[in-house]
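Participant: Between the sequences and the hints, there should be enough to build the whole structure, so can you do that?
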Amino acid sequence: MPKQANTAILQISRNTSGARIVLDTVTKTYPGQPTPAVEAFSMTAEPGELIMFVGPSGCGKTTTMKMINRIIEPTSGSITIDGRDILSLDPNELRRHIGYVIQQIGLFPHMTIAENIAVVPKLLGWSKEKTKERIDELLTTVELNPAEFANRYPKQLSGGQQQRVGVARALAADPPVMLMDEPFGATDPITREKLQAEFLRLQESMGKTIIFVTHDFDEAVRLGDRIAVLSDRSQIEQFDTPANILAAPANEYVASFIGRGAAIKRLVLIPITEAKLGSVSASPGGPITVSLNDSLRDALDALVLTGLPALTVLDRNQKPIGSITVDAISAVLGADIPTLAAPPLGHIDPTTAGA
Amino acid sequence: MAFDAIRDGTPSAREAGLGALKRLTAPLIVLLVLGLLLWWLSTLTLDSIEQRTLNWDYIIARTREHLGLTIVASFLVAVLAIPTGILLSRTTSRPIRATVLGIANIGQATPAVGVIILLAIIWRTGYTTALVALVAYSFLPVLRNTMIGLQQVDESVRESAKGMGMTPNQVLLKIELPLAVPVILAGLRTSLVFTVGVATIATFINAGGLGDMIVNGLKLQRYPVLITGAVLVACIALIIDWIAGLAEDKLRPRGT
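Chains C and W supply the protein sequences, listed in that same order. Each residue of the first sequence is one higher than the one before, starting from 1 at the first, in the numbering used here. Each residue of the second sequence is one higher than the one before, starting from 1001 at the first, in the numbering used here.
Derived by calculation from the structure, the hints in this document are not laboratory data. One should not assume that every hint holds.
As the list claims (entries may be wrong) - Across the chosen pairs, the derived CB separations fall in these ranges:
id	chain 1	residue 1	chain 2	residue 2	range
1	W	Phe1075	C	Ser158	42 to 48 Å
2	C	Arg152	W	Pro1083	31 to 37 Å
3	W	Gln1152	C	Ser158	46 to 52 Å
4	C	Pro56	W	Arg1097	30 to 36 Å
Source: prediction; values computed, not measured. All residues carry an ideal CB built from backbone N, CA and C; glycine is no exception.
Facilitator: Here is the structure:
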């Protein structure tokens, strides 16, 4: 499931359900430590935006996130959600309106899946019927059959299923803000991709304001509307859309964090429709084709795998509508970065592909 | 089976078929041993001293005293040690917790005879003293297990409870305590079995119990009396451990 390149435009249309989070020169200093864990952190998250905090372990990204639901109290600075100063609210009441998902999931082992999801609705005093309805709805949303899973215990679920319950539990009271701390970090690569895809689909429809902490830059590119690349003391090295960060890293640090293969990573963000397709007859045909829903990275992957000069592109009804070549793919990348030199006209040169 | 009481609250294996068999082992052994004891006693010709103790009235009276001491002491321990453990685990001061746990561990290594006799010397003899000594002695394993039971609750579980907006009291009552139940019960079970054994010493300070039979049998060199007393204490310990084990299985939170 490719991520739309024009997320920024999409966001504006879904600004309604999320809340605006503003952090203003937020600092956290632990007693007895000379340097702050988070120093003068300022950022605004627009309603409905999915913001990724990316950085190495110990850079303060999790600390920064946890100050938003006051699991960690800031030493100074202010945090507002929709203009309300959260430091003046009752922390328990505040947390009931902020979804919270952590890497270890933290499902309550002695409660069934339904009871786990019902915790916040119960704290908020929802009626039994409303809670029950919500549980069924949420389990369906995260693709777990309520009849089958509601009365099971966490131990009886796989890691991926537990993580889905974790997300469902955080969504229980439909909070405008979600905080997610490496929620998919502990799952295997295949499960992780699946969870990410489902999560993106979910966010498309919910439009929550989400702060998502990860150390995996590829995950940040895949999911984020905007990415904040953080270094020590939670300093923001760059805060921009994935496409912009990949195309123009602000400094050495960001570039090193992106690592090699920036061009390939960018291809994930671009749907095949962005490329200029050749005629159907230009491709030799064959068993391997790509679909219009795929990203350019999928197309490149298939081209490399088959070694063919061109591949057939199918539309949603599986009808061939054109063909795609490596040239067409690199042409898209070139057009996307006006600051760079003209795209190579011939085949992609491996020495410059990562530029 | 008796060794189960000493382990530290790790959940026992609960394979279905094997479990049922395991559950019946202790009462079967007890019945068998008691049967053998009765049969052996019936083959003996008892002299007048032995007859004075080896009759149902005497045995039932001593057993009642013994059980009374054990159960009252264990009840007091549960009522006192569990709340103390909860309160102590609430303090954020690590030194206090570490000190109490340290004392709890040392306390268990102190010989029970010493405790009971010292108390009798400085206070008085009789039932109350024996009770106080028993409570003091078995207080520690329950206190320790309560604190450890609360401590061992997964940090991520605690954090997500807090992150969902539970108050500290809600976290304690709905999350931490239910999850600590198996460990707390294991502590109670340990202390119950301890108490059955240690209560035999109550005889030295004139507080009755099956210790009377053991000590008299020993002093008067009437081995049938001695052995009957000892076997009865062992059987009571086994049965109490067995009942506590059943309660543990029953009260263990589901899903764990």
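Participant: Determine for every hint whether it applies to the structure shown.
Facilitator: Results for each hint:
About 44 Å separates the C-beta atoms of Phe1075 of chain W and Ser158 of chain C, a value consistent with the hinted range of 42 to 48 Å. Between Arg152 of chain C and Pro1083 of chain W the beta carbon distance is about 34 Å. The supplied range of 31 to 37 Å therefore holds. Separation of Gln1152 of chain W from Ser158 of chain C is about 24 Å and departs from the stated range, judged on CB atoms against 46 to 52 Å. A C-beta distance of roughly 34 Å is found between Pro56 of chain C and Arg1097 of chain W, which places it inside the suggested range of 30 to 36 Å.
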